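Take the given structure of chain A and dock chain B to it, following the hints.
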Amino acid sequence: MNTLNRRRLIAAAGGLWLLRPAAATPESLAAALRDFSGGAPLRDGRVQLDIAPLVDNGNTVPVGVSVPGVPAEQVQALALFTERNPQSEVLRAQFGPRAGERSLATRMRLATSQQLVAAAKLTDGSCWVQRVDVIVTLSACLE
Amino acid sequence: MARSLITLPERVVRGESFRVRTLLQHPMESGFRVGADGRLLPRDIVRRFRCLYNGELVIEAELSPAIAANPFIEFSVRAVDSGSLLFEWSGDNGFAQREQRPLIVA
Numbered sequence: 059m060n061t062l063n064r065r066r067l068i069a070a071a072g073g074l075w076l077l078r079p080a081a082a083t084p085e086s087l088a089a090a091l092r093d094f095s096g097g098a099p100l101r102d103g104r105v106q107l108d109i110a111p112l113v114d115n116g117n118t119v120p121v122g123v124s125v126p127g128v129p130a131e132q133v134q135a136l137a138l139f140t141e142r143n144p145q146s147e148v149l150r151a152q153f154g155p156r157a158g159e160r161s162l163a164t165r166m167r168l169a170t171s172q173q174l175v176a177a178a179k180l181t182d183g184s185c186w187v188q189r190v191d192v193i194v195t196l197s198a199c200l201e
Numbered sequence: 290m291a292r293s294l295i296t297l298p299e300r301v302v303r304g305e306s307f308r309v310r311t312l313l314q315h316p317m318e319s320g321f322r323v324g325a326d327g328r329l330l331p332r333d334i335v336r337r338f339r340c341l342y343n344g345e346l347v348i349e350a351e352l353s354p355a356i357a358a359n360p361f362i363e364f365s366v367r368a369v370d371s372g373s374l375l376f377e378w379s380g381d382n383g384f385a386q387r388e389q390r391p392l393i394v395a
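Quick note, the sequences are listed as chains A and B, same order. Heads up, the first sequence is in the numbering used here, so the first residue is 59 and it goes up one at a time. Heads up, the second sequence is in the numbering used here, so the first residue is 290 and it goes up one at a time.
Since the hints were derived computationally from the structure, they do not count as laboratory data. Warning: the hint list may mix true and false statements.
Stated by the list, open to error - A few chain A residues facing chain B, derived, Cβ under 7 Å:
(1) Pro144
(2) Gln145
(3) Glu147
(4) Ala151
(5) Glu159
(6) Ala163
Model, not experiment: these values are computed from the prediction. Ideal placement from N, C-alpha and C gives every residue a C-beta, glycine not left out.
This is chain A alone, in the form it adopts within the complex (with noise of 0.2 Å):
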């Protein structure tokens, strides 16, 4: 019984500490998302999000987001969202007329196993997302 007690109060301070600062929610992210989009109703497909699925440290996890298949002038605009960090944002990013290839790279932490979702804005208004599922095995700190 107490060796039961002390387990749950360490699961319970490790819960606290995770739950500390404000997490995202499915709620949160789908509002990055309706705000990326501009309203546009987001289709899956076209974006392609290349991060490891097994992630063992969530400090550095390299990340990349492309649009294979679609003509890089028809690609306004690149974003990254998670559902569990504690923003739902991760980076957005808009291209000018001298991009080259529409596709971006960069390293970014994760705070637990969670979904992320890229998502790409197309001049004709049209917004497409990909959502991928990882798991994290050492959790960024707190983000």
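Quick look at chain B alone, frame taken from chain A:
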């Protein structure tokens, strides 16, 4: 002045696109971590990145606390004329940095 590392080809062919990789030394303190005194460490991140090619926009990005420390951004540029690439970062606490790199287009 923070250190930065920018990798791009010395010579490029007109009309072709090439990759540019940028790395900037910056802690990207997320604002969600608790310090030794139990208080939240104030946020200190790079918020914006921009690349201009002879004064014309290549890419403009908004960064968030979810970007790892020492922000790395890789993107692609279409070669048009010889000139220079200008890189600008700006962020919290008045952080601002500019770097310029020459580019030869053959």
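Going through the hints against the structure:
1. Satisfaction of the interface hint for A:Pro144 is found here, the shortest Cβ-Cβ separation to chain B being roughly 5 Å, below the 7 Å cut-off.
2. Interface hint status for A:Gln145: upheld, as the beta-carbon distance to the closest one in chain B is roughly 6 Å, under 7 Å.
3. A cut of 7 Å between beta carbons decides the hint on A:Glu147: the least distance to chain B is about 4 Å, and the hint holds.
4. Interface hint at A:Ala151: satisfied, since its Cβ lies 4 Å from the closest Cβ of chain B, which is below the 7 Å cut-off.
5. Checking A:Glu159 against chain B: minimum C-beta separation of about 4 Å stays under 7 Å; hint holds.
6. A distance limit of 7 Å between C-beta atoms decides the matter here; for A:Ala163 the minimum to chain B is near 4 Å, and the interface restraint holds.
In this structure, every one of the numbered hints holds.
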